[in-house]
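Chemist: Residue numbers (the numbering used here), protein chains in the order written: chain P, 1 to 137; chain V, 1001 to 1241.
It cannot be assumed that every hint is accurate.
Below 25 angstroms or equal to it, Euclidean Cα-Cα: the simulated DSS-like pairs (lysine-lysine) are [as the list claims (entries may be wrong)]: (1) Lys1027(V) to Lys1010(V); (2) Lys1098(V) to Lys1069(V); (3) Lys21(P) to Lys1079(V); (4) Lys1115(V) to Lys1010(V); (5) Lys1214(V) to Lys1082(V); (6) Lys1214(V) to Lys108(P); (7) Lys1027(V) to Lys17(P); (8) Lys1017(V) to Lys21(P); (9) Lys17(P) to Lys1227(V); (10) Lys1092(V) to Lys17(P); (11) Lys1083(V) to Lys108(P); (12) Lys21(P) to Lys1214(V); (13) Lys1187(V) to Lys21(P); (14) Lys1187(V) to Lys1231(V); (15) Lys1017(V) to Lys1082(V); (16) Lys1087(V) to Lys1214(V); (17) Lys21(P) to Lys1087(V); (18) Lys1187(V) to Lys17(P).
Read the hints as simulated data drawn from the structure, not as lab findings. As the structure is a computational prediction, the values presented were derived from the model and not from experiment.
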Amino acid sequence: MVEANKEIKEGIWSWVKFLRKGIGYFAFALHRLTGIVILFYLYLHYTVLSNLLRGQASYNAIVRSITYGPYDSFLVLDFLLALVIFYHGANGVRLALNEFGIGLNHNKALFYTFEIIAMILLGIFDYYALQFVGVGF
Amino acid sequence: MVEEYEFEIKRKDESGKVYYQTYRVPKDQISTVLEGLLYIKENIDHTLDFRYSCRMEICGSCGMEINGKPRTACSTIVKQLKKDHVKIEPLKHYRVIKDLVVDMDPFFEKYKEVKPYIIRNDDGVYDRELKQTPEQFYEYANYSMCIKCGLCMAACPIVGSDPQYLGPAPLAAAWRFIADNRDEGAKYRVAVIDGEEGTSRCHFSGECTEVCPKGVDPSFAIQKLRKVSFKIELASLFGRS
Chain P
1 MVEANKEIKE GIWSWVKFLR KGIGYFAFAL HRLTGIVILF YLYLHYTVLS
51 NLLRGQASYN AIVRSITYGP YDSFLVLDFL LALVIFYHGA NGVRLALNEF
101 GIGLNHNKAL FYTFEIIAMI LLGIFDYYAL QFVGVGF
Chain V
1001 MVEEYEFEIK RKDESGKVYY QTYRVPKDQI STVLEGLLYI KENIDHTLDF
1051 RYSCRMEICG SCGMEINGKP RTACSTIVKQ LKKDHVKIEP LKHYRVIKDL
1101 VVDMDPFFEK YKEVKPYIIR NDDGVYDREL KQTPEQFYEY ANYSMCIKCG
1151 LCMAACPIVG SDPQYLGPAP LAAAWRFIAD NRDEGAKYRV AVIDGEEGTS
1201 RCHFSGECTE VCPKGVDPSF AIQKLRKVSF KIELASLFGR S
């Protein structure tokens, strides 16, 4: 393997230079960003769940402390999380298909199609989530 | 009064000092960015250095970052940039030697690694030509258009974060020969391209395809290579070459 010249390394900043880039770059950059958000949430989720080890009272106390107000005040964050997961999931399916050589000639169309489907699913999710917490329409 | 373009050029002198210098170029004297650079070199500042040769998008020498995007200077019409201010910088992800001249050696070293030539299992002595149908030709024709300008390497965000990644142009070259029906060297190339710094590093941002002046589609080639690599690796597990 060729010895790389470290002087030219841009680092992860090369992942977030959106100026004059195509839609594929946006898909790529957002995939990385949403991946980091999901990873962060995963560990946050584990941290909250780990309170179960200290017993029911401890777990209930922490859940009560982060859910107050008329509805679950974390609901907005939950919706944002759902947006991130649906985006990442849809783009991930597209990338998996691409790696099998499917849809390579219509890659941009495939991206838009999957994201539209993801946003419709997100809308359905949000509707049932609001129903679940008692917000009527 | 003569209308002028403003060329803002990133320069690097022998001592390593980096700075921007602005030149004014009459609009009626030039058409392309390369002509603008030549006008500056001949009439304003002969110390400005840049690389060029054919002036017709064949040699791939004049790659540079023009208004934030990797382009070949010879085929970039200034008027089409729709700005009178043209910002020119050396290609990213390459070591700058001087002004707009970058060190292309690491790029060509990577290129050589994928064995960009026909490999045959026989002795290579024939009494007639190797036949190829038009369909077989069109399998790789797009990839043989590559002029090795290296713009795709400057556009790729992964090359930016991991300089050891083989990169779009070498991988597209690998596909160009693997897709050629006369070639029998896929297994040798897969040993290189299926490694940690090969196709698995690509995350499909597609910028290589966006910037290619010749319409080559390296991102497509990389996905095809993954499929071929998978087949060859799978076959090798069952003792088939």
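Chemist: Any hints from earlier that this structure breaks? Give me their numbers in increasing order, please.
Modeler: 4, 7, 8, 9, 11, 13, 15, 18
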